[in-house]
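What follows is each chain in one-letter form.
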Amino acid sequence: MSHGLDVLARLAFWLVLAPLVPGIINKVKAWVAGRRGPPLFQLYFDLAKLWRKGVVLSTAVSPGHVAGPAIAWVALMSAALLLPLGPAGAILSFRGDALLFVYLLALARFCTAGAALDTGSAFEGMGAAREVSYAILSEAAVITALLTLAVQTGSLSLGAMLAPAAGPGAAVLAAGLFVVLLAENCRVPFDDPNTHLELTMVHEVMVLDHSGPPLAVILHGASVKLLLFATLLVQAALPLGQWPAGPAAGLLVISLLGVAVGVGLVESLLARLAFQRVPLLLTTAFILCLFALLTSWKASTSSEARQGAMNPAECRCSGTRAAHSAALPGESGGKRA
Amino acid sequence: MTDTVNLFIGLAMGLNLMALASSRIPSIIRIEAAQGMVLGVLPLLLEGEPSALVIAVAAAVVGVKGFLIPSLLRRAMRAAHIDREAAPRLGFVPSLLLGAAATVGALALGLALPLMPEHARLLLVPGSFATIICGLILLMSRTKAITQVCGFLMLENGIYLFGLLLLGSTPLLVEAGILLDLTVAVFVIGIIVDRIQRSFDSLDTRMLTELRE
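Chains as they are written, first to last, in our numbering: chain Z, 124 to 460; chain U, 13 to 225.
FYI, nobody ran anything at the bench for these hints, they're computed from the structure.
A portion of the hints provided could be inaccurate.
Non-contacting residues of chain Z with respect to chain U, defined by C-beta distances greater than 12 angstroms in every case (computed) [said to hold, decoys possible]:
1. Leu140
2. Leu143
3. Gly146
4. Ile147
5. Leu163
6. Gln165
7. Thr182
8. Pro210
9. Leu215
10. Val330
11. Ala371
12. Leu375
13. Ser378
14. Leu380
15. Gly385
Which residues of chain Z face chain U? A partial, calculated answer using Cβ under 8 angstroms [to be verified]:
16. Val255
17. Ser256
18. Val401
19. Pro402
20. Thr407
21. Ile410
22. Leu417
Only part of the chain U face toward chain Z is listed, based on derived beta-carbon distances under 10 angstroms [to be verified]:
23. Met25
24. Gly26
25. Met30
26. Ser35
27. Gly103
28. Leu108
29. Gly111
30. Ala112
31. Thr115
32. Val116
Glycine included, each C-beta is placed from N, C-alpha and C at the ideal position.
Isolated chain Z (complex conformation) (with noise of 0.2 angstroms):
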């Protein structure tokens, strides 16, 4: 029963707080601007009027267009399910979740892409083609961040992966996670979330055609898809399963306070890339996941070597070094013990 509740209580926290964050991330754009800005609630308000509003369909569409909306939220939540909120830990954990997360990551995309494409204008084929041409590097980047958690903690469950920080090279992680946060969620540098008229514009083209409950549902998945990346974000950097229950569920609160001011600040301060230079900053963001992974690897290999155990993955990666220690077996030998 308490299990049940716990869902529940879970379910709500997703559901009610994730519209808060663009409102918060709009507050601040407005206060960098000296605007008194949209209040903090907007985006309740707009899901609410949407919601009561009916649903215009072009006649061209297949039942995939209402669908996809629906798919991508559900996988959305679910991903969000997976996720562990600090000291709360996650709802459902089991060995490999982290794949499993990235996929339906994956699937969200895959079916507003879809639904986007269903209805056959130009116009949002273009947005579905961009969008899934950035998704190539930054999927590539939180795959390679994920896998720096993995290899830290030995470990494929979120759960356990989060807990502490991501060692030595945390704060480099959190900047590529950073970077990737703004992609996924087509914030500034990369896509620019007020215009609706650019030829340029991304995530909003490929939903000019839904309205009504659709648009809200996508709407409510974009906020919700922003607050797992920002969780997933502190939770990489900071060592939240170390603290005691309190001051974890604090500061994860406040850190993610943080992000979206972060978040605002960036906008506000930034201009949008040119589009060509978008594929560089991506670039760098797995670049930047790839060394934390890279000082990961060195630091658990360099610790595995200090306690004398023998490490065959390092044997099988540098045979240069194996040949030497047979060359020279008491000199390598006495040097690495």
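For chain Z, the structure is supplied; the task is to place chain U on it using the hints.
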């Protein structure tokens, strides 16, 4: 101490990749200056109790690489009216990926080499190889003469990093001599850049392929 030194070398390796990714010549010059200063501080960290000579050489390296050479390069740019675009022959993403691959390769090489025990935990050797290769990539893949100077500086930074391995056994006078040579070289290159710009109205080195009377 080891961790601080490794942090500084890691910073220098990150600056390599930033130089490969940046598209504006002034920012490449700024990155080179930052790298020179980061590496200039290293002898102070490597020596437990630095002598007056070490402090003097470190101060000279920081001053020359961080301030003198960048100002010479900026003056050459201003005098020759060079526009800011880096004009790469190889795109930014491929050169960045090449640089990252070189860095990973240098780290793997550092693991495979039989180093002295006191150097095995330091990133000196991988950092120096990575910096040398990134400098070569910058040197080869950009077409303007001034970016090639930046690549040359990065290459020299890598060699300097390797030289720090022998900090105990080479006289620092050698390092000071190299520094002087480098300054004179950059000074001369600044004049040459100006002359190339006046004679050919362009700094594109792809056009400088023939010798004539």
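Enumerate the violated hints, using their earlier numbering and listing them in ascending order.
16, 17 and 18
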